[in-house]
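J.: Between the sequences and the hints, there should be enough to build the whole structure, so can you do that?
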Amino acid sequence: MASLTLENVDLTFRVRRNRRTPLKDVVVQRLTGRGGQNPLMEVHSLRNISAHFEDGARIGIVGHNGAGKSTLLKMLAGVYPPSAGVRTVEGRISGLFDLTLGFEPHGTGRDNIRYRGYLLGETPQSLKPKMESIVDFAEIGDFIDTPVRYYSSGMLVRLGFSIATAIDPEILLMDECFSAGDRAFQRKAADRLNEMMKKARLIVMVSHDIGLLQRLSDRVLWLDHGRIRRDGPAKDVIAEYVDFMNSPASGGAGAAVGKAA
Amino acid sequence: MLSYSANVWRFRYFWGSLVRMDIRTRYRGSWLGAGWSLLHPLAMSAAMCLVFHKLFGMSVEDYLPRLIAGMVFWQFLSTCAIAGCNCLTNGEAYLRQVPAPMAIYPLRTTLAAAFHLGIAFAVVLVGNAMINGVKDPASVLALFPMLPLLLLFGWSLAVLAGFAHAYFPDMHHLIEIGMQMLFYATPIIYTPEILRDRGMGWLLDINPLASLVEVVRLPLLGRGMPDPASYLTAGGLILITTSLAVLTLNRLERKVIFQL
Numbered sequence: 035m036a037s038l039t040l041e042n043v044d045l046t047f048r049v050r051r052n053r054r055t056p057l058k059d060v061v062v063q064r065l066t067g068r069g070g071q072n073p074l075m076e077v078h079s080l081r082n083i084s085a086h087f088e089d090g091a092r093i094g095i096v097g098h099n100g101a102g103k104s105t106l107l108k109m110l111a112g113v114y115p116p117s118a119g120v121r122t123v124e125g126r127i128s129g130l131f132d133l134t135l136g137f138e139p140h141g142t143g144r145d146n147i148r149y150r151g152y153l154l155g156e157t158p159q160s161l162k163p164k165m166e167s168i169v170d171f172a173e174i175g176d177f178i179d180t181p182v183r184y185y186s187s188g189m190l191v192r193l194g195f196s197i198a199t200a201i202d203p204e205i206l207l208m209d210e211c212f213s214a215g216d217r218a219f220q221r222k223a224a225d226r227l228n229e230m231m232k233k234a235r236l237i238v239m240v241s242h243d244i245g246l247l248q249r250l251s252d253r254v255l256w257l258d259h260g261r262i263r264r265d266g267p268a269k270d271v272i273a274e275y276v277d278f279m280n281s282p283a284s285g286g287a288g289a290a291v292g293k294a295a
Numbered sequence: 008m009l010s011y012s013a014n015v016w017r018f019r020y021f022w023g024s025l026v027r028m029d030i031r032t033r034y035r036g037s038w039l040g041a042g043w044s045l046l047h048p049l050a051m052s053a054a055m056c057l058v059f060h061k062l063f064g065m066s067v068e069d070y071l072p073r074l075i076a077g078m079v080f081w082q083f084l085s086t087c088a089i090a091g092c093n094c095l096t097n098g099e100a101y102l103r104q105v106p107a108p109m110a111i112y113p114l115r116t117t118l119a120a121a122f123h124l125g126i127a128f129a130v131v132l133v134g135n136a137m138i139n140g141v142k143d144p145a146s147v148l149a150l151f152p153m154l155p156l157l158l159l160f161g162w163s164l165a166v167l168a169g170f171a172h173a174y175f176p177d178m179h180h181l182i183e184i185g186m187q188m189l190f191y192a193t194p195i196i197y198t199p200e201i202l203r204d205r206g207m208g209w210l211l212d213i214n215p216l217a218s219l220v221e222v223v224r225l226p227l228l229g230r231g232m233p234d235p236a237s238y239l240t241a242g243g244l245i246l247i248t249t250s251l252a253v254l255t256l257n258r259l260e261r262k263v264i265f266q267l
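Protein chains in written order, with my numbering: chain A, 35 to 295; chain B, 8 to 267.
Be aware that one or more of the hints could be misleading.
[To be verified] Covered stretches of chain A (chain B as the covering partner; in silico rule of three or more C-beta atoms under 8 Å from a C-beta of chain B): (1) 40-49; (2) 55-65; (3) 76-88; (4) 127-141; (5) 144-150; (6) 156-167.
[Unchecked claim] Cβ pair distances, simulated, as ranges: (7) Arg-126/A - Arg-27/B: 24 to 34 Å; (8) Leu-65/A - Tyr-174/B: 16 to 26 Å; (9) Ser-186/A - Arg-27/B: 20 to 30 Å; (10) Tyr-174/B - Asp-132/A: 15 to 25 Å; (11) Arg-17/B - Val-77/A: 28 to 38 Å; (12) Tyr-174/B - Thr-122/A: 26 to 36 Å; (13) Asp-202/A - Tyr-191/B: 50 to 60 Å; (14) Pro-235/B - Thr-180/A: 28 to 38 Å.
If you are wondering where the hints come from, they were derived from the structure by calculation, not from laboratory data.
As the structure is a computational prediction, the values presented were derived from the model and not from experiment.
For glycine and all other residues, C-beta sits at the position ideal for the given N, C-alpha and C.
T.: Structure (structure tokens):
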């Protein structure tokens with residue numbers, strides 16, 4: 035049984051205009067009583083989100099840039115705590131975000147497979163039989179025993195993808211990870227994702243590729259300024275979304291979306 | 008708290024392998040590497056010993072092991088506090104992807120420093136025994152219960168430094184300066200007697216680190232059991248910093264990601 039439930043979830047970021055304030059500035063501001071150049075801003079990224087996902091569901095999330103899609107995914111993963119509301123999870127989650135981040139530059143490719151694998155919940159016993167297939171799939175060849183700081187960005191993407199998809203998750207969260215590597219690799223990657231998606235019990239994916247979401251998901255959430263605008267069968271919601279993006283009301287930003295669909 | 012520790016343990020392969028890598032990177036896979044990082048406190052101590060020997064007429068056999076023991080002890084604390092500043096920022100890519108307990112990032116810093124401390128202590132223990140012999144062999148045993156406590160202390164410093172640095176980017180400088188000042192306020196390069204003779208004994212009484220260094224150093228050099236009051240002060244200090252670290256994790260663990 036795998037499920038994800040959000041009840042009236044809000045997420046507010048409190049950010050400074052210039053990143054973090056040094057302690058020095060805080061002290062000076064207190065002493066002089068002036069506000070300083072770096073005011074605190076509240077950014078309401080998710081508002082009143084309620085949704086329930088269960089075994090077997092294939093959820094797609096659409097929305098324009100900055101609608102809160104990736105934020106929602108990271109909140110589902112537990113990386114961002116909700117500012118209000120309740121998040122309930124049943125099952126082991128794995129998130130595929132930022133595939134190229136989080137490599138230890140001094141470690142070899144093989145070392146990094148271990149670090150990432152252990153972080154995703156593997157053990158030495160469970161990782162060992164998968165090791166060679168991860169190495170093969172990444173197509174890194176002899177470089178696998180070289181520190182990853184000498185890798186090209188393409189190699190990093192392939193390695194990251196290969197590790198992240200080698201595990202068997204119950205709940206799979208994917209953020210735009212369908213375009214790793216060159217064309218040949220992409221075809222392989224698509225096959226691998228299909229395999230993985232067959233095994234995962236619950237999938238939530240974010241993509242700008244409308245055609246892909248239409249193929250892979252059965253239910254779609256349309257996010258707009260941090261709110262759920264529509265939640266329903268994939269076909270209906272995507273049709274509405276494409277219509278909206280092509281309409282003058284959206285500022286004509288949807289030309290590309292129309293073509294993709 | 009028990010379930011939190013269990014969660015830290017669940018991720019043991021992750022932080023364990025990172026610690027191993029940190030150690031390997033530091034030592035570059037050779038014992039010569041270990042020698043290099045021991046060389047720093049040894050060279051500092053040798054230079055200082057020479058000065059103090061000439062100025063105050065300290066006996067080298069008595070003073071040098073004491074100095075080195077203090078220096079490696081301090082190196083551990085300052086590594087935990089100063090390198091600890093970056094523990095969360097270094098782990099940022101991980102903590103943005105998986106909600107693992109944040110305690111594991113300071114733990115990584117601390118364990119790598121502790122490994123080094125272990126080697127240094129072994130060198131001091133053997134070296135001192137060879138030069139001076141061990142006056143009170145039973146007291147050496149009192150060192151071992153202190154080691155896990157030292158680990159806890161170092162970890163709590165790393166937690167506090169890591170979170171402080173995540174919230175205030177200039178914390179790094181403050182902590183470096185603070186550690187430098189504490190270094191001179193703690194009887195490491197001088198003996199407690201020098202201060203007491205000059206009417207500055209109060210510095211030892213208000214600085215709990217003076218007790219902590221004493222309860223570690225005396226058994227390490229086999230020079231007798233530390234007095235109970237020192238144990239009490241040192242234990243109190245560790246209890247306070249650990250409580251602060253736990254409190255910090257409890258309050259800020261989920262929120263700190265918005266600061267990174």
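J.: Against this structure, judge whether each hint is valid.
T.: Right, here's what the structure says about each hint:
Counting residues of the stretch 40-49 of chain A whose beta carbon lies closer than 8 Å to any beta carbon of chain B gives 3, which reaches the threshold of three, so the coverage claim holds. Given as covered by chain B, the stretch 55-65 of chain A passes the check, having 5 residues with a CB less than 8 Å from a CB of that chain where 3 are the minimum. Look at the stretch 76-88 of chain A against chain B: 0 of its residues bring a Cβ nearer than 8 Å to a Cβ of that chain, fewer than three, so the hint is violated. A count of 9 residues in the stretch 127-141 of chain A with a Cβ less than 8 Å from any Cβ of chain B is obtained; the coverage claim is therefore met, three being the minimum.
Counting residues of the stretch 144-150 of chain A whose beta carbon lies closer than 8 Å to any beta carbon of chain B gives 3, which meets the minimum of three for the stated coverage. With 3 residues bearing a CB less than 8 Å from a CB of chain B, the stretch 156-167 of chain A meets the requirement of three and the coverage assertion stands. Hint check: Arg-126/A to Arg-27/B, Cβ distance near 25 Å, so the stated range 24 to 34 Å holds. Between Leu-65/A and Tyr-174/B the beta carbons are some 19 Å apart, a value that agrees with the proposed interval 16 to 26 Å.
The hinted range of 20 to 30 Å is satisfied by Ser-186/A and Arg-27/B, whose Cβ atoms lie roughly 27 Å apart. Look at Tyr-174/B against Asp-132/A: about 24 Å separates their beta carbons, and that is inside 15 to 25 Å. Distance hint check: the CB atoms of Arg-17/B and Val-77/A are about 33 Å apart, consistent with the given range 28 to 38 Å. Here the CB-CB span from Tyr-174/B to Thr-122/A is close to 30 Å, well matched to the stated 26 to 36 Å.
One distance hint, 50 to 60 Å for the beta-carbon pair Asp-202/A and Tyr-191/B, holds here, with the actual separation near 56 Å. With their beta carbons about 56 Å apart, Pro-235/B and Thr-180/A fall outside the hinted range of 28 to 38 Å.
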